[in-house]
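S.K.: Given next are the chains, with one letter for each unit.
Number of protein chains: 2
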Amino acid sequence: MNLHNSTHEQLLSPRGTRASEQPISQLMSAALANPGIISLAAGFVDNATLPLEFVSEAAQNVLSDTATGRLALQYGTNNGPQELRQAIAQRNFSNNADDLADRMILTAGSNQLLHLVAECVFDEGDIVLCAAPTYFVFLGLLKDMGVRAFGIEADDQGMIPESLDQGLQQLASNNELHRVKSVYLIPYCDNPGGSTVPESRRHDLIAVMNKWQQQSPILLLVDNAYRDLRYSGEDIPTLTDLGADPELTVESGTFSKNFGPGIRVGWGVMPRWLFDSARRFKSVIDFGSAHLNQQLMLNILKSGRFDEQVQRLQTAYAGKLQVMLEACDTHLAGIPGVEYRRPIGGLYVWLELPPGVDAGSDSPLWKQCIERGVLYVPGEFCYPSEGAAVRKNTIRLSFGVQPESQIRDGIKLLSEAITAVMNPANV
Amino acid sequence: MNLHNSTHEQLLSPRGTRASEQPISQLMSAALANPGIISLAAGFVDNATLPLEFVSEAAQNVLSDTATGRLALQYGTNNGPQELRQAIAQRNFSNNADDLADRMILTAGSNQLLHLVAECVFDEGDIVLCAAPTYFVFLGLLKDMGVRAFGIEADDQGMIPESLDQGLQQLASNNELHRVKSVYLIPYCDNPGGSTVPESRRHDLIAVMNKWQQQSPILLLVDNAYRDLRYSGEDIPTLTDLGADPELTVESGTFSKNFGPGIRVGWGVMPRWLFDSARRFKSVIDFGSAHLNQQLMLNILKSGRFDEQVQRLQTAYAGKLQVMLEACDTHLAGIPGVEYRRPIGGLYVWLELPPGVDAGSDSPLWKQCIERGVLYVPGEFCYPSEGAAVRKNTIRLSFGVQPESQIRDGIKLLSEAITAVMNPANV
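Each protein sequence line maps, in turn, to chains A and B. Going left to right, the first sequence walks through residues 1 to 427 as UniProt numbering numbers them. Going left to right, the second sequence walks through residues 1 to 427 as UniProt numbering numbers them.
No lab work stands behind these hints: they were computed from the structure. One or more hints might be untrue.
[What the hints assert, rightly or not] Over 12 Å on every C-beta distance to chain A, these chain B residues come out as not near it, computed from the model: (1) 51; (2) 98; (3) 208; (4) 337.
[As the list claims (entries may be wrong)] Facing chain B, from chain A, some residues (calculated, C-beta under 8 Å): (5) 10; (6) 44; (7) 177; (8) 179; (9) 242.
Backbone N, C-alpha and C fix where the C-beta goes; we use that ideal spot for every residue, glycine too.
Chain A extracted, bound-state conformation:
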């Protein structure tokens, strides 16, 4: 989509020129053009679960007191209130909360944290290793910055340590190890694969990182956005708690998925050498994120409402995940070559079609689905352009937004569309 029609486009920087419509925008356009469509695409959270009364209560608590109210409406600091950083550190890590809080920056969602780290570490032509598939907005950021994304094979337990080792070996053999700046990992209920990296594999990934970090400083960039959205099994410690090198590890998280996206508070812990740059850079790009929202989240954490909300979300989404998996069992399991993962949390189910069936946004399947009234995210959007092969026969399904009946109907429509394109005579 090119809406440019002026002669002044020449003024755009290389970055401005590279900035391009994200896949998600195409999907939104498709959704808007077909208002009756069942969207299993958007990663939005369930409207019915949004904590209106908790935010309202927190606003009253914070603003009815002159001291906290004035604090909240005045400028904050570049990295956010210490009390909130402490609370986040205590909640997410088993020890060293003081040290972690001191190296934490609060941002506008974890997206902005990823951007901030990217600005301070990545240069045009650098290489970042990501699971294949991975979070497509992060891929968009890398693309706009002129950074190469290199895909590492992943399965239902996340990034495969042996594949990471092989990928790094391949880049080293090509004399490109010095351009490898980071490995990006989503260890909990990841977007889009729905996989959670088990503790043993976390140790193996750390071992591979350690091995290569001895040759070249490579940053482990960990995105814990979905950690609290776990509906079964036990919680697993962070990479940091399991011994990842603190001098080369960034841990990030957000209150968007586990509380409410509109409140837009995210965070990241990073080594001191990076923290100093990132905090200072944040001071020139937005002078610190909205202090009001930080004070609201602090109040919500302290009052216990956050825990209440997480439990509410876990209950609601566990039911929806169950509905989606049952619908998949009913409608998709019988189609030869169709496979799907059974995640323990998050908002997504990852679906693989038979190798020959293209699910891309120009494919017959996509058109069939739009016509029949169901929308999904083509898996191809989630693959780095280098490294592990792009699997065009994949689909990300989200169960976050739709009510249960729509999830069932959407999966049924999807199964009919798949059957139709696999048996063209029946279309």
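Could you slot chain B onto chain A? The hints should help.
M.R.: Just chain B now, with coordinates in the frame of chain A:
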């Protein structure tokens, strides 16, 4: 100040390496180290004027209704709600509100708007022309990006059109016109000079821009942050309303100064060729600013509370400006060679000392002031490093934060410090 002590600093990108402590951070450190000090430095707003009850009311309005509440806590769009963009366009421009709203992006304060435009237009080694003095956080952004800031002479009516013409001529003579990407202008009650560009000079500045824009596309980047903080005189139309080329003009503004910094809602209108890039880039850096805050501001604008708050601020700050100017008349006017401007609005009074008196952060005057208990912003922080000469004998005084008695005391202490360094025998 260098806190780096790790071997991994080598991982920093050029931008990460350039990111350096901003002047304002040094000032904050000085303030924190001397808790009893009277700070006439910080550009914060007056705590006593913060609209706690209006934000609280808006939170109730927005969150007590299921539809607006869910909207506010869900993800918004990358450039923010159309209704809010429309309201901002109608308030700030005399016509074409629909068109302007369509080309508007809502950001985290106007700082983030400046960053967004900078990312999409400026490249390392490019040149941006700014008034000398100008907003030092913007200078910090340019520095971190490796962009050259070139100073243009300014007086109490803002940037001087003839000086702008001469500066562009000088750069053209050096074959550097192709590196000139933008002219940055703060036409209302500017930070730090306190100047407002009169209508006739706005026309002259537009004429100079037009002349040079015929040779090279140069973006006019207008920062209207202080427009509503006017305490006397008539409002003046924007550069856009006065005929600046819409294809090469960005207008920005914020609700930080005229309402509350903690709410962090800013905006910018830009030509379509830039808007497309900037909106898309915003989608990868933070996925759109906090939707809750945007819905709160929309409610506050619609309810009329915003106008109430602006009037309250105008009354409060008019009184404080008067107190500061009277204190200057009492304590500073009699010192030979000391001059100060009499702004019609904003938060700052710009002070010029005799040519030989250095007000820099390493100067005897600075040390005298810290010892005596008053803090100011050294004017030198506000000067671009090229073009118009840096005047180290200048000071930015802010009357926003301190109560009236402290403003009086602060100016008295400052006058004593100035007298002391001008008569070293008396120290």
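S.K.: Was residue 98 of chain B rightly flagged as not at the interface, with every chain A Cβ beyond 12 Å?
M.R.: holds (17 Å)
S.K.: Does the closest beta carbon of chain B sit nearer than 8 Å to the beta carbon of residue 44 of chain A?
M.R.: holds (6 Å)
S.K.: Since residue 337 of chain B was said not to touch the interface, does its Cβ keep a gap of more than 12 Å from each Cβ of chain A?
M.R.: The claim stands: residue 337 of chain B keeps its Cβ more than 12 Å from every Cβ of chain A (closest is about 34 Å).
S.K.: Closest CB-CB distance from residue 208 of chain B to chain A, is it above 12 Å?
M.R.: Given that every Cβ of chain A is farther than 12 Å from that of residue 208 of chain B, nearest at about 18 Å, it holds.
S.K.: A closest beta-carbon separation below 8 Å is what the hint needs, so does residue 242 of chain A meet it against chain B?
M.R.: With Cβ-Cβ at 20 Å, over 8 Å, it is violated.
S.K.: Are all C-beta atoms of chain A more than 12 Å from that of residue 51 of chain B?
M.R.: Its Cβ does come within 12 Å of chain A, the nearest being 7 Å, so this is violated.
S.K.: Minimum Cβ distance from residue 177 of chain A to chain B below 8 Å?
M.R.: violated (13 Å)
S.K.: Return the status of the interface hint for residue 179 of chain A: holds when the least beta-carbon distance to chain B is below 8 Å, violated otherwise.
M.R.: Interface hint status for residue 179 of chain A: violated (12 Å vs cutoff 8 Å).
S.K.: Classify the hint on residue 10 of chain A as holds or violated, based on whether any CB of chain B lies nearer than 8 Å to its CB.
M.R.: holds (7 Å)
Consistency note: the structure conflicts with the earlier hints numbered 1, 7, 8 and 9.
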